[in-house]
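Respectively, the protein sequence lines represent chains A and B.
In case it helps, our numbering puts the first sequence at residues 395 to 851.
In case it helps, our numbering puts the second sequence at residues 139 to 324.
To be clear, the hints were calculated from the coordinates, so they are not data collected in a lab.
Only a predicted model underlies this, so the values are computations on that prediction, with no experimental measurement involved.
Check before you lean on any hint, since a few could be wrong.
As the list claims (entries may be wrong) - One-sided excerpt, in silico: chain B residues whose CB lies under 7 Å from chain A:
1) Ser160
2) Leu194
3) Trp201
4) Ser217
5) Leu218
6) Gln265
7) Ala268
8) Thr269
9) Val288
10) Asp292
11) Met316
12) Lys324
As the list claims (entries may be wrong) - In the SDA-like style, the derived pairs of lysine to any residue whose C-alpha atoms are separated by at most 25 Å in a straight line are:
13) B/Lys211 with A/Val666
14) B/Lys211 with A/Gly527
15) B/Lys163 with A/Pro585
16) B/Lys163 with A/Arg601
17) B/Lys211 with A/Ala612
18) A/Lys579 with B/Pro262
19) A/Lys581 with B/Arg229
20) B/Lys211 with A/Lys488
21) A/Lys488 with A/Gly837
22) B/Lys163 with A/Pro625
23) A/Lys579 with B/Ala167
24) B/Lys211 with A/Asp672
25) B/Lys163 with A/Leu803
The beta carbon of each residue, even a glycine, is placed where N, CA and C say it ideally should be.
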Amino acid sequence: MKNPSRRQILKYAALGGGTLLMPRLAPREARAAHTDPHFFLLIVLNGGADPAYMFDARPLSMTRAGRIQNYLGQEPFGWRGHNGITALASPLVKPLLPFRDWFSVLNGVYMTPGFDGHLQNMNFLFAGNPFGGESFIPHLNLAENGQPPASLDAVSPSDALGVNVDNHSAVVSLNPWAASALAAKLKQLRPIQSGDPLAEFMRGRVRANAEGPGRFAAGAQRMLHGLDGAPEVHRQLAKLVPPHLEAEPEQQTADLISQCFRQSIARAAIYVLPEFFDVHSAEQAKTQPKLFTTAIARLAEILEALDETPFDAQRSMIDVTTIMVASEFGRTMRIADAPIHATGTNHNSLSNSILLGGKGIRGGLVVGASDLANERAQASGAHRALDPALEKTMGTPFDFAAMRPIPELPDEFDIEDHLTIGSVINTVYALFNVSQSRYRSLGRNLPAAPVLHGLLA
Amino acid sequence: MRPLAVFALLFGLAAPAAAQTSQFKGLAAVSRELSTRIAPKHAPLELDRFLPAEDLDVLLGSWTGFGGEHNFKNGVPNSLNMVIWHATLSRFAAAMGESCATPRMEFHPRFGATLQKVCAWPAPKAQSEATLTAFWLALMGYGAPEAEYVAWRDFFRAAYAGKPAAETVAAMTLAIAMNPHFLLHK
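Isolated chain B (complex conformation) (with noise of 0.2 Å):
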């Protein structure tokens, strides 16, 4: 018995502070999961291609072997992964953006409507709840609180009234992707 409360005080002891931090979930699992919400099955959506450079994916959060042990590297935010994921995630905004004109990815029916009702921006139609909501959902999910819901369509509502489509919708995809509950594993 003794080994054993040793070894668990020693593994206690250095149980590692990043197991107390939220991590990245990853360039592929984030890619899955907007894939799953406005691709079409047959042509999944892949975000390396919205990647800065090749091979970045890795700075984001990707799993790692080594032997037996497998391991989530360079998951934890820093300044580095944070340009990253700006500028990634920048370039991914602006083509959900520009296909308010022309699609430039290939989306499933269903959001593919939702978007155009929030490419008619600044028309109120593009304003009201239902389509903010169907908006939001699609990108985000079901994992964000209400608050955060609220806090963005009130700040687009406001400070996005008179502008643009393309800018709108890029910036409203931009400020969801950018979003914690989005990019960080709960």
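Looking at chain A on its own, in the form it has when it is part of the complex (with noise of 0.2 Å):
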């Protein structure tokens, strides 16, 4: 007999022969316990990925006149968007024509002002401070959104993530594998019980320790909270239905996301792909066509695995997530005195690409552009005054009302004209309600980054 594909088992599960993808929570609960559900994925390629790779290449000639380094070999094809804009993609990222509708691009994105680090431009990514600080994630998931909040803001199915947030205590690491094995346990164990004299004695020595001022007080109000919350995260993760041993790791990690978005243990998650995309030598340089290949193959396991889950009768989970799919930064075309076959490169944040789709989102669109798009293109003032060497691509300035890049070559920078990660989040915090107070502005005395109106559905 021959072996059923992956789709039928998954349909198999989806009609509740199985338990490969199937949550306890039937869909007629997951139903009810969601009245408008909207969960939000974030997919990290970690290390600073370069665009030209995916959805903002460049043509070959452009490599044969020394200005970027291509180690793929192939020329890029046009990437159109339904609002006219064409962006020039590798053919490394084939494997997502699947989904071309149902997620826009974003090029040109403006990331940290000054900073090129790692942690810098990560943390910017997700507190719109190079520092740290709060991140955008727990926002997602706050009472006054309007939404009942998750058991927990995210949860993490992949490595931890370096960067500096403060309100990451809800933000879990929780793999496929140790959640398998922690919902076994606790299905023998008896959550921790209100009325049990024991329990109460514990949870009154900790709201002793809660009051006043100081470091303690606040650990012990941490753990407050946490005991509060803690019977129902035992009882939901007591519901988790171990992975399909023979399913692939992204099969998995979806599987994994989607039954804690339907049990409401979290809002979001954050995947970080295995794959590490800092490349300053030739050689690590080299290895971007398998890198990418792998990743992108990563990326569309990961959609259609969503795609084919079920939240409810109705929809399938991709129907009710949103994906962002980020890197920290963009990278330079070339480092300066290596020959171009035999170059790596550095990290570029004044351009990075950003994929936005899924819930809420108008997909099939691409949005914002970099500069020097070819050998023969100028660099405006305001790049030479931020990238002198010309190493760098650089987001053009943007029309927000018309979502179109605009093709002029100003003298000097200024913000307010470039697409942001701040009006990524921004519009991402207005598909989920966010208080406009929490938006990230573009700078001390600026206003709030744009929210982009044109990708909201």
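Join the two chains into one complex using the hints; note that each chain is given alone, in its own frame.
Here's what the structure looks like:
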């Protein structure tokens, strides 16, 4: 007998015939638990992924002219958005073609002003500050947004990310294997019971130590809040169904994320791809075709798995989840003084590429662009001021009303004219009804970064 | 001077609030402290064996490195790590209670003697000030204020006055181990 395909297995599971992907919460229960279900998945390309190997590629003529490395050696193709804007895409992204109407490509996204370190830019991505601060992820799970908060702000079924944020206490690492083993054990254990004299005594000591000022009291307060939520988290985790051992890692990840979303364990998830994209040396840079091939295959697997995993009788997980794919920054086109066929690349915070799709997002668009599109293109005075050696691409000025790049070469840099990560995060905030008081500003004494209204479905 | 001031201002503005909150010591540190207090040198106590599943220790506070940066991760208490601490320490406490009948771990002779005295519960000798103080200090160390000991002692003398030794010793152990003074950095 021929083995069933993964799609067949998934559909079988969705119909209640198996335990592979079907959480114990039935679709009807899931619908009742979420009046307007909306979740967020952030997929991180760690290390600074080069947009030239995804959706902001350059023609090979530019490599022949010695301007940009290209270790794939294949001509990019036009990725035309429904809004008439075309980006050059690397052939490596073709596995994502089945999802092209589902997500939009944001190119030329300006990251951290003045810093080009990994940590500073990752901090900026999460917190809007190069030194860290409040991450945007827990803001999506606030009661003030109009949705009952999930037990945890986010789960992260991957290795911990290097980022300094101070509100990730409810953003927890939970890989599928650990979650399965934990679920099995928690089924055998009693949750911390309210009403039990010992539990009440222990809680009372935590409460007593949580009173007053100081770091220790603040820690005890966090313990107290943790104890309050612990019985529910215990019961929710005990319901997790172990992932199928034969399923691919990305399927298992998507399965765990889906279960956590459906059972209100978490409102968001952060998945860090295992590939590390920091390629300063030529030897590292030459691995990029392989790195991106693997990473893009993982992305496609996750999207496919979410598409095939039911949320309820009408919707798949992909219908109720907004997904963002981002790296902390882009990369330079090359390193000076190295031959173009043997150069690595450095960090570039002047231009990044981000994918945004799923619930609430108009898919199939190309938004924004970076400059130096070919070997004949001129750099603006603004670009020369920030990158005199012209080793980097830079986001072009952007018309927020028309949602189009502006083909101008300004002499001076004005951040209000550029598409920034602040706008991307504020657009996510708008989707999740986060208070405008939390919107990221463009800088000191500057307005909030504009929401990309044209991206909202 | 001016760039330094701007840097200081930015850094000051961004000082993480987590730095103002005590975090868990982490399983490795708690295990090491307990081992020093109750286990013999040749057989250190490894709390990992009481985890409900492998690899969960990273969720209870652990160090990670990123280039030259080293950060303590998952140390801020939340609902999930409270579940894992409770599950882990409950299993440890149960083993301690069962050790009244049959030792489930190897103890330092001095602690072994203290445990045997507590295991006479509910006999008056087990409830004596000297025995309870010795048991408390052996597990908690000297980091907690006396008020914590008094609350613990009074609770067990009242609520567990007639309960069997194994149950009482397990509950006593869990109550100490789940105390913020035991789990949190100061």
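We went through each hint and held it up to the structure:
With 7 Å as the threshold, the beta carbon of B/Ser160 comes within range of chain A, its nearest partner Cβ sitting at about 3 Å, so the hint holds. At its closest, the beta carbon of B/Leu194 sits 6 Å from a beta carbon of chain A; the interface hint therefore holds under the 7 Å criterion. Violation of the interface hint for B/Trp201 is found here, the shortest Cβ-Cβ separation to chain A being roughly 11 Å, above the 7 Å cut-off. Hint on B/Ser217 holds. Least Cβ distance to chain A is approximately 3 Å, under the 7 Å limit.
Contact between B/Leu218 and chain A, as hinted, is supported at the beta carbon level, the nearest pair being about 5 Å apart and thus within 7 Å. Of the supplied interface hints, the one on B/Gln265 is violated, with its beta-carbon coming no nearer than about 17 Å to a beta-carbon of chain A, more than 7 Å. With its C-beta approaching chain A no nearer than about 22 Å, B/Ala268 sits outside the 7 Å limit, and its interface hint is violated. For B/Thr269, the interface hint is violated, since its Cβ never comes within 7 Å of a Cβ in chain A; the closest pair sits about 20 Å apart.
Taking 7 Å as the C-beta cut-off, the interface hint given for B/Val288 is violated, the closest approach to chain A being about 11 Å. Evaluation of the B/Asp292 hint against chain A yields a violated restraint, the C-beta minimum of about 10 Å exceeding 7 Å. With 7 Å as the threshold, the beta carbon of B/Met316 comes within range of chain A, its nearest partner Cβ sitting at about 5 Å, so the hint holds. Interface restraint check for B/Lys324: the shortest CB-CB distance to chain A comes to about 6 Å, inside 7 Å, so the restraint holds.
Pair hint B/Lys211 plus A/Val666 holds up; C-alpha atoms about 16 Å apart against a cutoff of 25 Å. With a CA separation close to 15 Å, the supplied pair B/Lys211 and A/Gly527 stays within the 25 Å bound. A hinted pair counts as satisfied when its Cα atoms are at most 25 Å apart, and B/Lys163 with A/Pro585 qualifies at roughly 23 Å. At most 25 Å may separate the alpha-carbon atoms for a hinted pair to count; B/Lys163 and A/Arg601 meet this at roughly 19 Å.
Between B/Lys211 and A/Ala612 the CA atoms are separated by roughly 17 Å; this keeps the pair inside 25 Å, and the hint holds. For the suggested pair A/Lys579 and B/Pro262, the alpha carbons sit about 37 Å apart, so the restraint of at most 25 Å is broken. Only pairs whose Cα atoms come within 25 Å are accepted, and A/Lys581 paired with B/Arg229 is accepted, the gap being roughly 14 Å. For the hint pairing B/Lys211 with A/Lys488, the CA-to-CA distance comes to about 37 Å; that exceeds 25 Å, so the pair is violated.
Distance restraint check for A/Lys488 and A/Gly837: the Cα-Cα separation of roughly 37 Å exceeds the 25 Å cut-off, and the hinted pair is therefore not satisfied. Proposed proximity of B/Lys163 and A/Pro625 is supported: the alpha carbons are some 23 Å apart, at most 25 Å. With a C-alpha separation of about 24 Å, the suggested pairing of A/Lys579 with B/Ala167 holds against the 25 Å cut-off. A distance of roughly 23 Å separates the Cα atoms of B/Lys211 and A/Asp672; the hinted pair therefore holds under the 25 Å criterion.
Simply put, B/Lys163 and A/Leu803 have alpha-carbon atoms about 54 Å apart, too far for the 25 Å limit, and the pair is violated.
Going down the numbered hints, you'll see the structure goes against 3, 6, 7, 8, 9, 10, 18, 20, 21 and 25, while the others check out.
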